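Number of protein chains: 2
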Amino acid sequence: MKSGDMANLKQIAAELSLSVTTVSRALKDGPEVQPSTIARVKEVAKRVGYVPNHHGRALKTGRTLMLTAVLPMETRDYLSDLAKLPLIEGMTLAARQAGYSLSIYSTTPDDDPVESVQRLLDARSADGLIITRMVSGDPRVKLLLDQRIPFVAFGRTDLDVAYPYVDIDNEQIAYDATQRLMDKGCRRIALQLLVAKDQASAMRLAGYGRAMAEAGIPIDQSLIGHGTFTMESSVAWFDRLLASSDPPTGLACANELGLLGALHALGRRGLEPGRDVHIVTRDNTRLARFLPAKIGVHSVDMADVGHKLIEVLESRIANPLGPVVTVLLQGKFDPAE
Amino acid sequence: MKSGDMANLKQIAAELSLSVTTVSRALKDGPEVQPSTIARVKEVAKRVGYVPNHHGRALKTGRTLMLTAVLPMETRDYLSDLAKLPLIEGMTLAARQAGYSLSIYSTTPDDDPVESVQRLLDARSADGLIITRMVSGDPRVKLLLDQRIPFVAFGRTDLDVAYPYVDIDNEQIAYDATQRLMDKGCRRIALQLLVAKDQASAMRLAGYGRAMAEAGIPIDQSLIGHGTFTMESSVAWFDRLLASSDPPTGLACANELGLLGALHALGRRGLEPGRDVHIVTRDNTRLARFLPAKIGVHSVDMADVGHKLIEVLESRIANPLGPVVTVLLQGKFDPAE
DNA sequence: TTCGGCAATCGTAACGTTACGATTATAAAA
DNA sequence: TTTTATAATCGTAACGTTACGATTGCCGAA
Chain A
81 MKSGDMANLK QIAAELSLSV TTVSRALKDG PEVQPSTIAR VKEVAKRVGY VPNHHGRALK
141 TGRTLMLTAV LPMETRDYLS DLAKLPLIEG MTLAARQAGY SLSIYSTTPD DDPVESVQRL
201 LDARSADGLI ITRMVSGDPR VKLLLDQRIP FVAFGRTDLD VAYPYVDIDN EQIAYDATQR
261 LMDKGCRRIA LQLLVAKDQA SAMRLAGYGR AMAEAGIPID QSLIGHGTFT MESSVAWFDR
321 LLASSDPPTG LACANELGLL GALHALGRRG LEPGRDVHIV TRDNTRLARF LPAKIGVHSV
381 DMADVGHKLI EVLESRIANP LGPVVTVLLQ GKFDPAE
Chain B
81 MKSGDMANLK QIAAELSLSV TTVSRALKDG PEVQPSTIAR VKEVAKRVGY VPNHHGRALK
141 TGRTLMLTAV LPMETRDYLS DLAKLPLIEG MTLAARQAGY SLSIYSTTPD DDPVESVQRL
201 LDARSADGLI ITRMVSGDPR VKLLLDQRIP FVAFGRTDLD VAYPYVDIDN EQIAYDATQR
261 LMDKGCRRIA LQLLVAKDQA SAMRLAGYGR AMAEAGIPID QSLIGHGTFT MESSVAWFDR
321 LLASSDPPTG LACANELGLL GALHALGRRG LEPGRDVHIV TRDNTRLARF LPAKIGVHSV
381 DMADVGHKLI EVLESRIANP LGPVVTVLLQ GKFDPAE
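Each protein sequence line maps, in turn, to chains A and B. Quick note: to get the working numbering, add 80 to the position in the first sequence (first position is 1). Quick note: to get the working numbering, add 80 to the position in the second sequence (first position is 1).
Incorrect hints may appear among the rest.
Think about it this way: if two alpha-carbon atoms lie no more than 20 angstroms apart in a straight line, the pair counts; the simulated SDA-like pairs of lysine to any residue are [stated by the list, open to error]:
1) B/Lys126 <-> A/Lys126
2) A/Lys140 <-> B/Gln91
3) B/Lys140 <-> B/Glu123
4) B/Lys108 <-> B/Lys122
5) A/Lys126 <-> B/Leu201
6) A/Lys122 <-> B/Ala203
7) A/Lys90 <-> A/Glu123
8) A/Lys374 <-> B/Lys412
9) A/Lys108 <-> B/Arg199
10) A/Lys126 <-> A/Asn88
11) B/Lys412 <-> B/Asp381
12) B/Lys108 <-> B/Leu145
13) A/Lys264 <-> A/Asp238
14) B/Lys140 <-> A/Asn88
15) B/Lys374 <-> A/Arg349
16) A/Lys374 <-> B/His344
17) B/Lys277 <-> B/Arg366
18) A/Lys374 <-> B/Ala93
19) B/Lys277 <-> B/Glu195
20) A/Lys126 <-> A/Arg105
21) B/Lys108 <-> A/Ala203
22) B/Lys374 <-> A/Gly350
23) B/Lys90 <-> A/Asn88
24) B/Lys264 <-> B/Leu303
25) B/Lys108 <-> A/Asp202
26) B/Lys264 <-> B/Thr329
FYI, nobody ran anything at the bench for these hints, they're computed from the structure. These numbers were taken from a predicted model, which means no experiment stands behind them.
Can you make the complete structure from the sequences, with help from the hints?
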């Protein structure tokens with residue numbers, strides 16, 4: 081934005097016959113400057129509509145007051161991952177409250193994740209980074225740790241290094257979901273996962289495996305589906321399972337879209353959730369409760385995840401060498417009515 | 081990001097015994113500098129990993145290469161407006177391609193819209209602004225025009241000034257939807273709108289009114305519902321209509337959430353879309369096509385809206401005094417199968 | 001009176017970049 | 001040989017801010 085008539089320190093200083101230094105200090109209530117002077121400076125600053133120039137300050141101090149979140153975007157499907165919306169809203173709001181701006185860097189499936197992060201590092205345009213969608217052995221963690229850039233990840237990974245993250249306890253949620261399905265009498269329980277290397281899916285698989293092992297039920301690999309975040313793939317996958325000779329009686333869904341897909345597949349066959357197949361899903365958006373279907377729901381507060389991410393990142397920026405903060409959030413279960 | 085060992089022009093200049101000026105020019109292929117020098121400079125720049133300092137450049141040139149989108153966020157409901165997700169993705173991607181970063185400024189219902197814009201103006205941290213959710217007589221337009229800040233609006237308003245916008249032709253879509261419902265034999269057609277002063281809703285109401293007038297059907301105000309973007313309100317509203325003595329036989333939904341709510345209300349009464357009530361909805365996310373229900377759909381490509389917004393804003397920044405560009409996008413109709 | 005100590009303010013330099021006029025070297029024209 | 005044009009490069013200033021050491025004026029202690 082240009083409109084060159086922007087007030088600056090020099091103008092205020094000239095008007096009051098003070099030095100730029102004194103004005104600068106007065107505006108941040110520096111103890112070196114006389115209270116009466118502070119008052120005069122602030123009065124003029126307000127009158128001329130002074131707002132500190134972000135770039136002058138950033139250049140001098142090295143801080144940008146900007147955070148960048150790297151978010152993957154699915155170009156195949158406009159619906160993308162619904163959880164991203166409350167996540168973005170939570171992050172932007174928390175960032176704003178903490179005095180930061182949040183910029184979103186969307187990556188397409190064509191983008192190399194490491195390269196994207198590298199580019200952001202090079203640009204040095206943010207004080208900190210938020211990375212999401214962690215994969216097994218995620219190389220971005222090492223890159224960011226090496227460069228000593230404050231960052232926080234949404235999700236853990238299987239690396240043997242400590243780094244700041246916020247995560248949902250996917251293992252526990254999947255364990256719990258599987259158990260609840262078994263409580264309904266299900267023994268053939270289908271599990272919906274995302275792409276294979278997705279770390280959240282790995283955790284979910286672990287929780288599912290633990291529950292099955294405890295119940296002494298052998299795992300049937302054909303019941304475990306890997307897909308993308310879209311509804312299409314969910315419909316096709318679950319439809320195939322339903323068509324098999326020994327169809328599942330229980331289903332643990334990955335998210336809203338997976339759930340909608342599965343319901344679609346059920347509906348086409350005249351089957352009913354809660355009667356023919358028991359369903360438990362993870363819900364990031366409170367969408368599931370509005371569906372006319374009996375399903376158990378693990379709700380996850382993604383806006384809270386966003387808040388926590390910013391909080392952790394902020395503490396990291398304030399104290400880059402401090403202890404590594406990690407947060408693990410639980411889901412909240414609402415049974416099928 | 082600190083890691084103070086950041087390469088700058090001075091270092092490159094020193095290494096090559098050149099002046100900072102020449103290096104700066106060489107890196108942007110200035111015609112004043114010898115091709116062989118350009119090559120040498122670029123080689124060193126690449127080796128030391130030089131990346132231009134954003135703030136130094138912004139301070140000097142007055143350009144920030146940053147755009148800010150002001151997006152309202154519904155705190156009542158995590159689902160918020162689903163259309164925002166593809167919109168954000170479209171904008172961030174287009175911005176990136178145009179060499180800009182996009183920052184998101186989420187406003188809560190508590191925030192005063194004008195004040196939010198004013199704050200962003202004061203901060204001077206962006207080269208341009210994107211405003212959304214236009215209301216009748218939107219005061220932000222005058223504010224932004226007065227301050228000569230490049231901006232683009234998602235949506236028109238009823239002001240008598242020219243300003244750059246991208247909009248969906250809501251009037252035409254509502255007109256079309258109403259006609260299609262009448263083609264199915266509906267005469268009592270319910271219309272789902274958002275809050276009263278929302279400008280998009282006003283356009284939709286106009287289109288509905290035009291279609292009804294052409295068909296000679298008087299408008300029954302009780303069939304026109306004003307609500308929020310949530311599903312709850314949609315369920316309650318449509319349920320009340322269905323319970324009335326003369327229930328509607330057609331329904332034009334505002335968006336996905338409104339549709340899901342209406343379907344919920346129908347399902348509870350054992351009614352079926354396409355048989356008992358004909359439904360046409362606007363769909364911003366391609367969600368509707370996955371629902372096991374016969375509904376007509378006007379699909380709107382929100383990612384494209386995002387692209388267009390950035391495009392218009394970019395041209396505005398490049399030429400602030402040029403002609404005011406406006407874009408009006410049509411929906412694409414997919415009939416109930 | 002002279003000095004130390006303190007409060008209040010000032011001046012300069014620096015962050016990294018770009019704009020612009022000045023300077024040098026080179027080659028062609030007189 | 002001197003002039004003139006041109007190509008290549010340089011130096012300085014500026015954008016708005018903050019850090020830091022220097023300076024001023026004043027009061028009380030010696």
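Hint-by-hint comparison with the structure:
no. : hint                  : in the structure
1   : B/Lys126 <-> A/Lys126 : 46 angstroms, violated
2   : A/Lys140 <-> B/Gln91  : 18 angstroms, holds
3   : B/Lys140 <-> B/Glu123 : 25 angstroms, violated
4   : B/Lys108 <-> B/Lys122 : 10 angstroms, holds
5   : A/Lys126 <-> B/Leu201 : 15 angstroms, holds
6   : A/Lys122 <-> B/Ala203 : 17 angstroms, holds
7   : A/Lys90 <-> A/Glu123  : 15 angstroms, holds
8   : A/Lys374 <-> B/Lys412 : 34 angstroms, violated
9   : A/Lys108 <-> B/Arg199 : 19 angstroms, holds
10  : A/Lys126 <-> A/Asn88  : 12 angstroms, holds
11  : B/Lys412 <-> B/Asp381 : 9 angstroms, holds
12  : B/Lys108 <-> B/Leu145 : 17 angstroms, holds
13  : A/Lys264 <-> A/Asp238 : 33 angstroms, violated
14  : B/Lys140 <-> A/Asn88  : 15 angstroms, holds
15  : B/Lys374 <-> A/Arg349 : 16 angstroms, holds
16  : A/Lys374 <-> B/His344 : 13 angstroms, holds
17  : B/Lys277 <-> B/Arg366 : 27 angstroms, violated
18  : A/Lys374 <-> B/Ala93  : 69 angstroms, violated
19  : B/Lys277 <-> B/Glu195 : 18 angstroms, holds
20  : A/Lys126 <-> A/Arg105 : 15 angstroms, holds
21  : B/Lys108 <-> A/Ala203 : 17 angstroms, holds
22  : B/Lys374 <-> A/Gly350 : 16 angstroms, holds
23  : B/Lys90 <-> A/Asn88   : 28 angstroms, violated
24  : B/Lys264 <-> B/Leu303 : 18 angstroms, holds
25  : B/Lys108 <-> A/Asp202 : 18 angstroms, holds
26  : B/Lys264 <-> B/Thr329 : 10 angstroms, holds
Comparing the model with each earlier hint shows violations of hints 1, 3, 8, 13, 17, 18, 23; every other hint is respected.
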